[in-house]
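Enquirer: So the sequence lines, in the order shown, correspond to chains H, P and F.
Here the working numbering is used: the first residue of the first sequence is 1, the next is one more, and so on.
Here the working numbering is used: the first residue of the second sequence is 1, the next is one more, and so on.
Here the working numbering is used: the first residue of the third sequence is 1, the next is one more, and so on.
Please keep in mind that the hints were generated in silico from the structure rather than gathered at the bench.
From a predicted model like this one, the values you see are computed outputs, not experimental measurements.
Keep in mind that a hint or two might mislead.
As the list claims (entries may be wrong) - Restricting the straight-line Cα-Cα distance to at most 30 Å, the calculated cross-link-like pairs of lysine-lysine (DSSO-like) are:
#1 H:K301 x H:K277
#2 P:K17 x P:K30
#3 F:K121 x F:K229
#4 H:K36 x H:K24
#5 F:K121 x F:K37
#6 H:K445 x F:K121
#7 F:K56 x H:K409
#8 H:K18 x F:K229
#9 F:K223 x H:K18
#10 P:K30 x H:K184
#11 H:K445 x F:K231
What the hints assert, rightly or not - Only part of the chain P face toward chain H is listed, based on derived beta-carbon distances under 8 Å:
#12 M1
#13 S2
#14 V3
#15 G27
#16 G95
#17 K96
#18 A97
#19 L102
#20 D121
#21 P131
#22 I137
#23 A145
#24 E148
#25 N150
#26 G157
Ideal Cβ placement from N, Cα and C applies to all residues, glycine included.
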Amino acid sequence: MNRQTSLDFRTNAASAIKDAALRKAMRNATDTFGTKRTVAMESVDFSALREKASAIRMEVLDNLPAYIAHFTTQATQAGANVHRAADAAAANSIIADILRSNNVRMVAKGKSMISEETHLNAHLEKEGFEIVETDLGEYIIQLEGETPSHIIVPAIHKNRQQVGRLFADRLGVDYSEDPQVLTKIARRVLREKFLTADAGISGANFALADSGSLVIFTNEGNGRMVTSVPPLHIAILSIEKILPSLADLPTFMRLLPRSATGQMITSYVSILTGNRKAGDATGARELHIVLLDNGRSGILKGDCREILKCIRCGACMNVCPVYRTVGGHAYGWTYPGPMGIVLTTLLTGMAASHPLVDASTLCGACNDACPVKVPLQEMILRQRIRRVSEGFSPASVSMGMHLFGLAVKSPLLFSTGERLAGRFWSVLRSAGGENVAGRLPLPTKLPFSRRMP
Amino acid sequence: MSVTDATIALFLENAAKSAAVVHRAAGAAKLRSILSEIVAQDADVFCPCVTELEQAAAAGGVRLVPGYASARVTVEEVSAAIAETGSIVCTSSGGKAVQASLLPAHHVALVPRDRIFATLDDYFAGQAAAPPTNLTIITGPSRTADIELNLVIGVHGPERLDIIVV
Amino acid sequence: MHVQLFGTCLVNTFFPGVGEAVVRIFNRFGVEFSFPKEQTCCGQPAYNAGYIPEAKGAAEHFISAFGGSNDLIVTPSGSCAAMVKHHYPELFRDDPVKLQAAEQVAGRVYELSQFLVNVLKVHETDLTGSGRVTYHSSCHLTRTLGATQEPLALIQALRGVEFVPMPDATRCCGFGGLFMAKLPEISMAIADDKAESIIATGADTVTGCDCGCLMNIADALGKRGSSVKVKHIAELVAEGL
Numbered sequence: 001m002n003r004q005t006s007l008d009f010r011t012n013a014a015s016a017i018k019d020a021a022l023r024k025a026m027r028n029a030t031d032t033f034g035t036k037r038t039v040a041m042e043s044v045d046f047s048a049l050r051e052k053a054s055a056i057r058m059e060v061l062d063n064l065p066a067y068i069a070h071f072t073t074q075a076t077q078a079g080a081n082v083h084r085a086a087d088a089a090a091a092n093s094i095i096a097d098i099l100r101s102n103n104v105r106m107v108a109k110g111k112s113m114i115s116e117e118t119h120l121n122a123h124l125e126k127e128g129f130e131i132v133e134t135d136l137g138e139y140i141i142q143l144e145g146e147t148p149s150h151i152i153v154p155a156i157h158k159n160r161q162q163v164g165r166l167f168a169d170r171l172g173v174d175y176s177e178d179p180q181v182l183t184k185i186a187r188r189v190l191r192e193k194f195l196t197a198d199a200g201i202s203g204a205n206f207a208l209a210d211s212g213s214l215v216i217f218t219n220e221g222n223g224r225m226v227t228s229v230p231p232l233h234i235a236i237l238s239i240e241k242i243l244p245s246l247a248d249l250p251t252f253m254r255l256l257p258r259s260a261t262g263q264m265i266t267s268y269v270s271i272l273t274g275n276r277k278a279g280d281a282t283g284a285r286e287l288h289i290v291l292l293d294n295g296r297s298g299i300l301k302g303d304c305r306e307i308l309k310c311i312r313c314g315a316c317m318n319v320c321p322v323y324r325t326v327g328g329h330a331y332g333w334t335y336p337g338p339m340g341i342v343l344t345t346l347l348t349g350m351a352a353s354h355p356l357v358d359a360s361t362l363c364g365a366c367n368d369a370c371p372v373k374v375p376l377q378e379m380i381l382r383q384r385i386r387r388v389s390e391g392f393s394p395a396s397v398s399m400g401m402h403l404f405g406l407a408v409k410s411p412l413l414f415s416t417g418e419r420l421a422g423r424f425w426s427v428l429r430s431a432g433g434e435n436v437a438g439r440l441p442l443p444t445k446l447p448f449s450r451r452m453p
Numbered sequence: 001m002s003v004t005d006a007t008i009a010l011f012l013e014n015a016a017k018s019a020a021v022v023h024r025a026a027g028a029a030k031l032r033s034i035l036s037e038i039v040a041q042d043a044d045v046f047c048p049c050v051t052e053l054e055q056a057a058a059a060g061g062v063r064l065v066p067g068y069a070s071a072r073v074t075v076e077e078v079s080a081a082i083a084e085t086g087s088i089v090c091t092s093s094g095g096k097a098v099q100a101s102l103l104p105a106h107h108v109a110l111v112p113r114d115r116i117f118a119t120l121d122d123y124f125a126g127q128a129a130a131p132p133t134n135l136t137i138i139t140g141p142s143r144t145a146d147i148e149l150n151l152v153i154g155v156h157g158p159e160r161l162d163i164i165v166v
Numbered sequence: 001m002h003v004q005l006f007g008t009c010l011v012n013t014f015f016p017g018v019g020e021a022v023v024r025i026f027n028r029f030g031v032e033f034s035f036p037k038e039q040t041c042c043g044q045p046a047y048n049a050g051y052i053p054e055a056k057g058a059a060e061h062f063i064s065a066f067g068g069s070n071d072l073i074v075t076p077s078g079s080c081a082a083m084v085k086h087h088y089p090e091l092f093r094d095d096p097v098k099l100q101a102a103e104q105v106a107g108r109v110y111e112l113s114q115f116l117v118n119v120l121k122v123h124e125t126d127l128t129g130s131g132r133v134t135y136h137s138s139c140h141l142t143r144t145l146g147a148t149q150e151p152l153a154l155i156q157a158l159r160g161v162e163f164v165p166m167p168d169a170t171r172c173c174g175f176g177g178l179f180m181a182k183l184p185e186i187s188m189a190i191a192d193d194k195a196e197s198i199i200a201t202g203a204d205t206v207t208g209c210d211c212g213c214l215m216n217i218a219d220a221l222g223k224r225g226s227s228v229k230v231k232h233i234a235e236l237v238a239e240g241l
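The following block holds chain H by itself, in its conformation from the complex (with noise of 0.2 Å):
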């Protein structure tokens, strides 16, 4: 069970660099959806469509409150009950009543961020709701009772021999580490699961407000089973995956699975608009939508406000190459990777995930594969500065901070701070450590600008 906490990132991440089967299992994950997306991004025009969906975005952003109103006036009209949750809490419970007066025991449980954010699942087991995950890759964590470690394949960290030893153990089925047949077993329990459950929760990737539909982009099929087998269907949705209409739809198609797992599209696209109605033969006969704020409204106000456009893809953190160095648990929370850095600083505040903003070499890598054009460096470095002004930089860097302003602009000072390192370099040198004062080389004894003329 992981207990990391953002507070804790830099232990966490010193433990995973050790970890040799994560790091080589990262390694193989961004690798190769690096290399797919960029083999996938070849048939199209990925420039024009990252403006284009660029500004569908803002424009949804920029008038959020009108989107979210016609968006559930028209999801009402067509037959699907629309809840407001302001917070993780309010989501959880509604969900939470919605079954109990259903009567329901078992749920069957498509792939969603946002109730890992709300801790969903712990809530509703504690209510006493039996919830089975569906998703293979959240199925597999379910059982090892871990939480995801990338938005769009959570077990990524995990290889198939600690996958063949978990469904031995837990399934009691013969051991293999055949992903053909890991995956067989699955359908085989899960198809029971779909049959048999009272109702079916998932996420949605996007909400379009002129139908008040709700669209879901799957591969496996528990999607589609889940929103469409059990009567009662729930969704559970943050207010900003609103897009306009069916028409903005193409585009958001185009860059969504290639920016995600390099696939020009993925094998289900499922357009939900309403519940069952007279003359319908597929359809959950009762939906719910809870659309989630849980901290969004504010950061809408904020300076950081274009994380909002963040359709969770996952090519920020397959190009990290601090990502790719130490995989999703280090950061201590629901998002990781360079929309993780943004969105959790900002939903749970500085206290409690500051160091979270050095975890980042600011490359600038994912502001180059965002699909949105999400300008991640930048915010990544809004939020240093937020960091220091709201007072959770170390004394010692501010002290470190307010000397070298000082020195930059003497330039006696400067070449004085330079002569005493070179003086007392080993004792710096033990100061730092071998990780810092190690792998710089000595300086040199005529310092450059003493050379010039």
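With the hints as your guide, set chains P and F onto chain H.
Expert: Frame of chain H, contents of chains P and F only:
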């Protein structure tokens, strides 16, 4: 809708890339012949038998069962196809059960050639303003790469998708 | 032609040889230069850590040291060039007077390889070298300045040098300025991956345009017991004159 040969060719190419098995049939006889190759004689087949194509397909001696839930194969006409992505579209309009393309292990989709749209935009523009309860765009069989990014075809949805353009 | 030379604090303190290589190149091509003695540091360490007042102080000092001139400002560092060119104007966007001064200076800044190729056309002259050379494309140089071709043009202009491209040449080396001190475990792990890429090329030399990166890479190569040499592009070109 008049559909060009180039559009049909692109559709078949992209559908094949998505691990669907693609076929062309000039008429009912060829359709039945293809079905006899891809569907085992003793396999339980669900077919809605509503459209002409579906009725033509069912007349080929397949073993029909009344419900999709216990069928091994669903043979059905789909609402549309999209060349840009090689996708077929199943909707709940007209009382159709979209689960028929989800639960059985083998899905055989009959695509009338004049229902193939060139692009996603064309498809959406051609639909009524209010979408049906369920509109599912299907591209290939179900799949996952959750274990070590190793691609496995056939997870919870169909393990095999055949597309027959008629 | 006359330029101003910004040495950078890393060159000043740790890599004076790089500065001397730049001077040799200038001398060879008849570039007269001044070295404004007031120069210290571009202010990146403060800026990247979120210490804006200190960063502004550094920027104002730089602007006054290099101001009052229309000469190009040449610096052997992609990250410092990017700091001045792109972040100085941002720092003063709310102050019209300081912004104007910042933009005047920012508009004159050239990273060394961009100056050598786009202005001096050094890559079209007779340069020599030997051995197999690979290239690390540092982050600010590549993504902020867009200098993807100039360093390659210089390497490929060295007759006798075999250029061996590195897989993932544009992937960060893990230096990240203060990052290497704040999260050294991660920094070293990322640098080790970069060292592995370099060693896999079979090159005997790795070059780049940023001393910070090269220093970090040298440390990682050393930890692997590698004998691959690490040279700044200035040193490679100066040796090839």
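Enquirer: With 8 Å as the cut and Cβ atoms as the points, is D121 (chain P) at the interface with chain H?
Expert: Interface hint status for D121 (chain P): holds (5 Å vs cutoff 8 Å).
Enquirer: Holds or violated: is the Cβ of M1 (chain P) closer than 8 Å to a Cβ in chain H?
Expert: M1 (chain P) check fails; min Cβ-Cβ to chain H is 18 Å, beyond 8 Å.
Enquirer: Would the pair K30 (chain P) and K184 (chain H) pass a check requiring their Cα atoms to be no farther apart than 30 Å?
Expert: violated, 34 Å
Enquirer: Restraint: E148 (chain P) near chain H, CB-CB cut 8 Å. Satisfied or not?
Expert: holds, 5 Å
Enquirer: For the restraint on A145 (chain P), tell me whether the closest CB of chain H is nearer than 8 Å.
Expert: Nearest chain H Cβ about 7 Å off; hint holds.
Enquirer: Does K301 (chain H) pair with K277 (chain H) here, judged by a C-alpha cut-off of 30 Å?
Expert: Given pair K301 (chain H), K277 (chain H) is violated - Cα atoms ~39 Å apart, limit 30 Å.
Enquirer: Is K223 (chain F) close enough to K18 (chain H), meaning Cα to Cα at most 30 Å?
Expert: Within the cut-off at roughly 16 Å; holds.
Enquirer: Does A97 (chain P) pass the interface hint, meaning its C-beta sits closer than 8 Å to a C-beta of chain H?
Expert: holds, 4 Å
Enquirer: If you draw a straight line from the CA of K18 (chain H) to the CA of K229 (chain F), is it 30 Å or shorter?
Expert: holds, 28 Å
Enquirer: Are the Cα atoms of K445 (chain H) and K231 (chain F) separated by 30 Å or less?
Expert: Given that 30 Å is the threshold and the Cα spacing comes to 20 Å, the pair holds.
Enquirer: Do the alpha carbons of K121 (chain F) and K37 (chain F) lie within 30 Å of each other, as the hint requires?
Expert: At roughly 28 Å apart (the allowed maximum being 30 Å), K37 (chain F) and K121 (chain F) satisfy the hint.
Enquirer: Going straight from one Cα to the other, do K56 (chain F) and K409 (chain H) come out at no more than 30 Å?
Expert: With Cα atoms ~10 Å apart, K56 (chain F) and K409 (chain H) stay inside 30 Å; holds.
The structure does not agree with the numbered hints 1, 6, 10, 12, 13, 14 and 15 stated previously, though it agrees with the rest.
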